[in-house]
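> Residue numbers (the working numbering), protein chains in the order written: chain E, 1 to 917; chain X, 1 to 917.
Take these hints with a grain of salt, some might be off.
Copies of one chain are not kept apart here, so a pair can be met inside one copy or by any two copies together.
Straight-line alpha carbon distances no greater than 16 angstroms define the calculated EDC-like cross-link-like pairs of lysine to aspartate or glutamate that follow [stated by the list, open to error]:
id	residue 1	residue 2
1	Lys461	Glu102
2	Lys214	Glu194
3	Lys318	Asp332
4	Lys191	Asp201
5	Lys458	Glu326
6	Lys25	Asp499
7	Lys76	Asp826
8	Lys859	Glu283
9	Lys458	Glu904
10	Lys730	Asp802
11	Lys27	Glu806
12	Lys237	Asp69
13	Lys191	Glu488
14	Lys11	Asp643
15	Lys48	Glu909
16	Lys295	Glu73
17	Lys198	Asp745
18	Lys209	Glu709
Just so you know, these hints were derived from the structure itself, not from any lab.
There are 2 protein chains.
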Amino acid sequence: AQKIDGTATAKSIRDNVASRIQELKNKHARFQPQLRPDSSAYVRMKAKAAEEVGIKYRHIALPAEATVDQVVETVKTLNNDDSVSGILVQLPLGDHVTAEGERTVTEAVQPEKDVDGFHAYNIGHLSSRASDPLFSPCTPTAVIRLLESTGQPISGANAVVLGRSDIVGSPVASMLRNRDATVTQCHSRTKNIEAIVKNSDIVVSAIGKAEFVKGSWLKPGAIVIDVGINYVPDSTKKSGQRLVGDVEYSSAAEVASYITPVPGGVGPMTVAMLMENTLKSAERLWEISRDRKIKPLPLTLLEKVPSDIEIAMAQTPKPITQLAQEIGLLPDELESYGKYKAKVELSVLDLLPPHLFGEGKSTTTIGLAQALGAELGRPAFACVRQPSQGPTFGIKGGAAGGGYSQVIPMDEFNLHVTGDIHAVTAANNLLAAALDARMFHEATQSDKALYSRLVPTKKGKREFAPLMFKRLHKLGIDKTNPNDLTPEEITKFARLDVDPETITWNRVLDTNDRFLRKITIGRNPTEQGHEREAGFDIAVASECMAVLALATSLEDMKNRLGAMVVATSKQGDAITADDIGVTGALTVLMKDAIKPNIMQTLQGTPVFVHAGPFANIAHGNSSILADRVALKLAGTEEGDSSDRVGYVLTEGGFGADMGMEKFCNIKCRVSGLRPDATVIVATTRALKMHGGGPDVTPGKALHETYTKEDLVTLKEGCKNLVKHITNSRKFGIKVIVAINQFATDSPAELALIRDEALAGGADAAVVSNHWAEGGKGARALAEAVIATCEGSSDFKFLYDLDLPIEQKISIISKEIYGADGIELSDQAQQQIATYTRQGYGNLPICMAKTQYSFSHDPKLKGVPSGFTIPIRSVRLSAGAGFLYPILGDMQTMPGLGTRPGFWEVGVDEAGRVVGLF
Amino acid sequence: AQKIDGTATAKSIRDNVASRIQELKNKHARFQPQLRPDSSAYVRMKAKAAEEVGIKYRHIALPAEATVDQVVETVKTLNNDDSVSGILVQLPLGDHVTAEGERTVTEAVQPEKDVDGFHAYNIGHLSSRASDPLFSPCTPTAVIRLLESTGQPISGANAVVLGRSDIVGSPVASMLRNRDATVTQCHSRTKNIEAIVKNSDIVVSAIGKAEFVKGSWLKPGAIVIDVGINYVPDSTKKSGQRLVGDVEYSSAAEVASYITPVPGGVGPMTVAMLMENTLKSAERLWEISRDRKIKPLPLTLLEKVPSDIEIAMAQTPKPITQLAQEIGLLPDELESYGKYKAKVELSVLDLLPPHLFGEGKSTTTIGLAQALGAELGRPAFACVRQPSQGPTFGIKGGAAGGGYSQVIPMDEFNLHVTGDIHAVTAANNLLAAALDARMFHEATQSDKALYSRLVPTKKGKREFAPLMFKRLHKLGIDKTNPNDLTPEEITKFARLDVDPETITWNRVLDTNDRFLRKITIGRNPTEQGHEREAGFDIAVASECMAVLALATSLEDMKNRLGAMVVATSKQGDAITADDIGVTGALTVLMKDAIKPNIMQTLQGTPVFVHAGPFANIAHGNSSILADRVALKLAGTEEGDSSDRVGYVLTEGGFGADMGMEKFCNIKCRVSGLRPDATVIVATTRALKMHGGGPDVTPGKALHETYTKEDLVTLKEGCKNLVKHITNSRKFGIKVIVAINQFATDSPAELALIRDEALAGGADAAVVSNHWAEGGKGARALAEAVIATCEGSSDFKFLYDLDLPIEQKISIISKEIYGADGIELSDQAQQQIATYTRQGYGNLPICMAKTQYSFSHDPKLKGVPSGFTIPIRSVRLSAGAGFLYPILGDMQTMPGLGTRPGFWEVGVDEAGRVVGLF
């Protein structure tokens, strides 16, 4: 007989595995198969083979007495670890584990990582004709491969399988059957095995009986695969024993046409098959992990577009866990908040080396996200701000988009989401309460009493709280024992000596409550007459919200919260949250808020909803962390094809003069991220207003300028658009103009805007109708975005941070607003001097300006010129990290009209929200 | 040959199934197997068989063009529907579905409901020697049963299986192999089938070839099972065809020993096996659904008990989804909020008829819940209040329990949980803002302007908002067209005419902010001088919170919110949230808050965390809905053994004079639930204080009365305990006294308390040490609770609602507090008159009293007597549904001390919370 050389075949298989792994590694630097066996025997052999082919191998040895639950826990951890390609559980688990226990462990292995092929799910597929298992078990596969290596037909052959074990006999029988052999399976209860063998063209033996099958049993020319591994005594060997198979090789070789030796037959093949299975698994998991296949939700468009809440409620969102899986998040990286929203763990940022991920492309709007994601099949993430609840119940108009381009569930989006604004409110107000309480206690106690309460003796010990060392350091006191302070030092330490006139820290509520704009607090007799004037802002105007948007990590957020300045002492020093001792508590209150929230569009594409500093006093953009997480998920890496390039569309508040300028000069400076392009949104109505059209008053009928073609007014208004384009160019950003189509727009009007925009320097100008048509309506826009983002851009800041404060304000006013210059009030000049002295001079500028005009005056439409910007005052957000000049009267707490939106809001019989926009 | 009578065997199997179902139904009224096939053929036959044995059968016919996704969706819905015992997918699904698509559908069926036995998981187990499938496929099982019915041995027999289909041939081969036959499987590629058949003791044919096997092929005495169903032309039949098997019956019957006929052989058996599988499934699912096996988390007790946050952080909670599964919640009934907390859908209440569920036993504390649930293995649910964030950062002492008896994650418990308090805050403050805004607009507009803004013309139509009809109805105006109102009616409708002096609605914050106790609002120039005095309470003191605790459904919550009275008009009418138009909006804000939150104890037993009205001005108990959901899950039904009886431990705020009295008189009246027993908690320290021990001041060393044995003081203090016991008896409730052990307690002291309590009428008095030992320390207490709750109790209310308000207050004061009587201030008398006139006279009473004394004076310890209760004023919570008399000065907004707890709070490098209690 011809000897079937298992060792050589195995080597060639292992070589193939090794070269395929090398090939994949060359293409994808991060590709790395890994095996995690829970095993005790055979470990070394497998480890060596793995190392040779380039598979990482880690043996997790559990204590001998490990319970089934403990082993299952370990297995589950490996299931969830996406760096692990295959898991082997080495049986038996010990005498204390029952057969049922072992099965529980075997079945805990995810079928997708069951490279042994023993999971019931894989065995089931192996046994079936209609389907293939994810993995075939190694030894049975080795048997088939060796049979195939002979070149003899299996189909139509009579095959006998000796043995019916789950790991060899029965799987081999199934595999032979699937290859069209006529299979007879024999075992200990079989009568007359010899006769059955005699009739067989193929003999596979796996019964563990030394030299059981004799040559005389065989049909002449049969092929013999010997799986047996039996030791028989042999005094000629050093070990005193010799390895033989189930078949008597010497006699069988005389009769068989092909036969495997033992050793050197099936044995070496098994490990090679394990390597092949592991590679197969690694390749499949790699493809899955890199697959960003988002399954769009179908849209049913109605011609007469219903109200936003009706559209939103008619769509059933997919479970957020499904969307998370589609965009490549692992279960451990997600914290569901209800069925349709979730927080994403910041660990996503650590898992993959950022430099390997290409940055996505940044721009805006939900409709565009739907077009890119659902229509064009690109990974596309929208990053939008969380809306305040105040306006939700005040004036109409949701922040979730509108028509067929919305974030859903829209009611949850407009209500609590995951409670981030509530956390901001709690943090802001704890600081406010702590400040007033501290002032009260300072005013009613002696230095000594104050100090002994601030640093009390507890169980005989007296210690500074950790945060107190920050203040001691600031005061230049380097003592660590509270009893060592001199009376002067005690006074300096214990008295913040807040100058009530300098308090800039307001309380906040997420309610439109105009009566809280200015209040007198402390009027209860318990406060002993320590009244003062104070006020409430809307919660999203809190500096804590700006900190949330600009924080780059939990640690960074903590530092920013601690640095927030709430007032100046009578000695002229800035008083911070650190001084008041609340930094840790504020961080704890906001520790979940820092995780970006994921929701979805009407078409089931991902949307990050995070932060939302109120535009007028803060920078008005979504958070840096949401952008970064989205970029991670959208990004490509070496070896990816260009149609895998993803897009992150991050929202900037209000016009390009406000949101974009702050996005570039403030947010990009902190994040280090660079936008590739900006999408400027234009409508005929807004442009006509800028072109001199009459004022639009809610509730009154529209002037016919806005409902009929009026090319003259529109053309005049386009100058405003061109100024926005020019402004964007100053940052080196490419510009796409999205012309949002209304039913009353004439073709000539739309063409005019496009022409003016292109003449004004836009890279593209495209009519978009996503409100009425969803992603389909923005398809052309999405294509323009993809085309425009090709090639590099040349981002730059507008001003240098080291310039004097006044000059930075002046640059923005002249370059972006088109002002002749600025005029600082006495107060503003004084404040600039103070901040410069206190070391805050090199912060960027966050202009608090109306969004209705390039100028400070909302009435100046078009492209105003010949005006000077009056700077009433300049304020400091030391934690957020910017200075904000106040231009004119800015309202930081909205009110409720006579007929607020809440009248319509309610729940129907089914508990669904109605009447919200 | 002997004919194997499939029809008769099948009938006997079906009869067995039917009688077993009847038996189970007799025992468990709700037991009902149900089959849900997605099928088109064979439906009638299966439906008939199911009906006969008592299995419900529903055929879901999907449109012919249904996609794979749609079928999978349907299947998933059935997987999650716990009334469905088995799911069949009738293949094929149509030409538009590929083989892969069909497999996707088949595998979408949960293996646990795969009564067809075709899921890869079940086939895998069927093929394996080591394990059994959940279900064996019906036809193969029928084959084996018929073979077995002959009484001939299968073991050792040579069996041939003709055919290798996944639904018959291969499973039959596996099953024969597992029964020790030597199996040869033949198919279309097999050479010389006849010879193989000739050698076989058992012949199973499933190839679908009419009369393929001839009698001459058979070994004499062979057993033949014919699975074939073939139609051959037969002009003698009306249908023109005749049914035959794979075997030529006439010739085979001559040679075989046993043979199945066609028809009447395997055919009828298949449906019978399906019935048997469905019953098996229903029984298993029934057991699982009724299993409340909670897997306790192990506790590692340290002798020197660490701080609460350290203990809490050292324990890894189980995922809340796992706990939910353990207590019998379905995935659809849970909304996870992060990994360790979740909201429970109120649909849980509808799913099962409540009268079938026994009510659990009600009492209190986490340690007891741990003892009952983790130590004694009983279904035990704790229902506790959500703590306010205010005190969390103010004074020390968490609300999550302490030591080794805590709710975890403890930091999340003490922070936002799922945002319910924030929702209450938002609702409360929207109403406040709306009230002030309305007053402002009324003050600054003419009746006509006001009306035209309140009821504007939109797109040519003018309509009342739905909520306005409530006000119109209240005013006796039955017009529906806004244009029909007379000028007088317009005035009445549009002007609420709030008397500012009567406003009782405060704003709230969940922050200890003493400077907001009394404030002047509206001081900004935009409010045009419309200032007024107002104030903030702590958020948990909001009536919205009391409504949340007492609501019995979403609809009920809406009605209660709408009924809340905020002020009186100048005409003396109550002004409600309905009048202001915010009811729907408040409901929307609180629509998620109404769902109880589930968390866990340190030992992994379930805890509902819900609501938490501030004890002094509200009733101080957890919510009715949490109690009801817990009772559903803890309850037993007919047929359950007595050791399945569950316990619901619901927390009442403060002493038995406050929390318990309100629990019984207010909460039980609304809920209709009755407590079985009350657990009164006693400590030597508290009793010694009541016995005349000196005051305890935080921060100062304890007087030695409290650290050394002092039986005299303690005995005097026990009178206070006895009064609490007597009070409980007045409600007909059984009393268990839990004596919380401290390290310094002497055995004599503990014995004294026990003796005094038993002498004073307690049913049991047990020392408990759960703080130091967790559930183990409360084991004896738990056993006492179980023993005491045996038998019935005789609950009754203390007073009748129809009594005059004054008399109800008097009954509580005399009976519970031991007062001589009450003394109403003039204001209180006036208020009582007003409320009685307005129709609020028959509400229960919620006394606002100190928890430090039975009397209104916190200094009167022990069992004071000879005092009269002064009632300063009486207030109305019309939405919550009670009147609350104010006894002395009640603080509704706490403050912050000089050294608040927030100084220690922070996150460590790993992002974990530190320093919280």
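> Treating 16 angstroms as the Cα threshold, decide for Lys198 and Asp745: within, between, both or neither.
neither (89 angstroms within a copy, 87 angstroms between copies)
> Can you give me the call for Lys11 and Asp643, within, between, both or neither, at a CA distance of at most 16 angstroms?
Neither, since 38 angstroms and 63 angstroms both go past 16 angstroms.
> Cα distance capped at 16 angstroms. Does Lys237 pair with Asp69 within a copy, between copies, both, or neither?
Answer is neither; intra-copy 44 angstroms and inter-copy 64 angstroms both fail.
> Within a copy, between copies, both or neither: which one fits Lys209 and Glu709 at a CA-CA cutoff of 16 angstroms?
neither (95 angstroms within a copy, 78 angstroms between copies)
> Using 16 angstroms as the alpha carbon limit, work out where Lys27 and Glu806 are close: within a copy, between copies, both or neither.
Intra 52 angstroms, inter 86 angstroms, cutoff 16 angstroms: neither.
> How would you classify Lys25 and Asp499 at a CA-CA limit of 16 angstroms: within, between, both, or neither?
neither (64 angstroms within a copy, 78 angstroms between copies)
> Tell me, please, which holds for Lys214 and Glu194 at an alpha-carbon limit of 16 angstroms: within, between, both or neither?
within (9 angstroms within a copy, 28 angstroms between copies)
> Give the relationship of Lys458 and Glu904 under a CA distance limit of 16 angstroms: within one copy only, between copies only, both, or neither.
This pair counts as between: shortest inter-copy Cα distance 14 angstroms, intra-copy 56 angstroms.
> Within a copy, between copies, both or neither: where do Lys295 and Glu73 come within 16 angstroms Cα-Cα?
between (32 angstroms within a copy, 14 angstroms between copies)
> Tell me, please, which holds for Lys191 and Asp201 at an alpha-carbon limit of 16 angstroms: within, between, both or neither?
between (19 angstroms within a copy, 12 angstroms between copies)
> Have a look at Lys730 and Asp802 and pick one of within, between, both or neither, based on CA distance no larger than 16 angstroms.
Classified as neither; 19 angstroms inside a copy, 78 angstroms across copies.
> With 16 angstroms as the alpha-carbon cut-off, assign the pair Lys859 and Glu283 to within, between, both or neither.
neither (62 angstroms within a copy, 76 angstroms between copies)
The structure does not agree with the numbered hints 1, 5, 6, 7, 8, 10, 11, 12, 13, 14, 15, 17, 18 stated previously, though it agrees with the rest.
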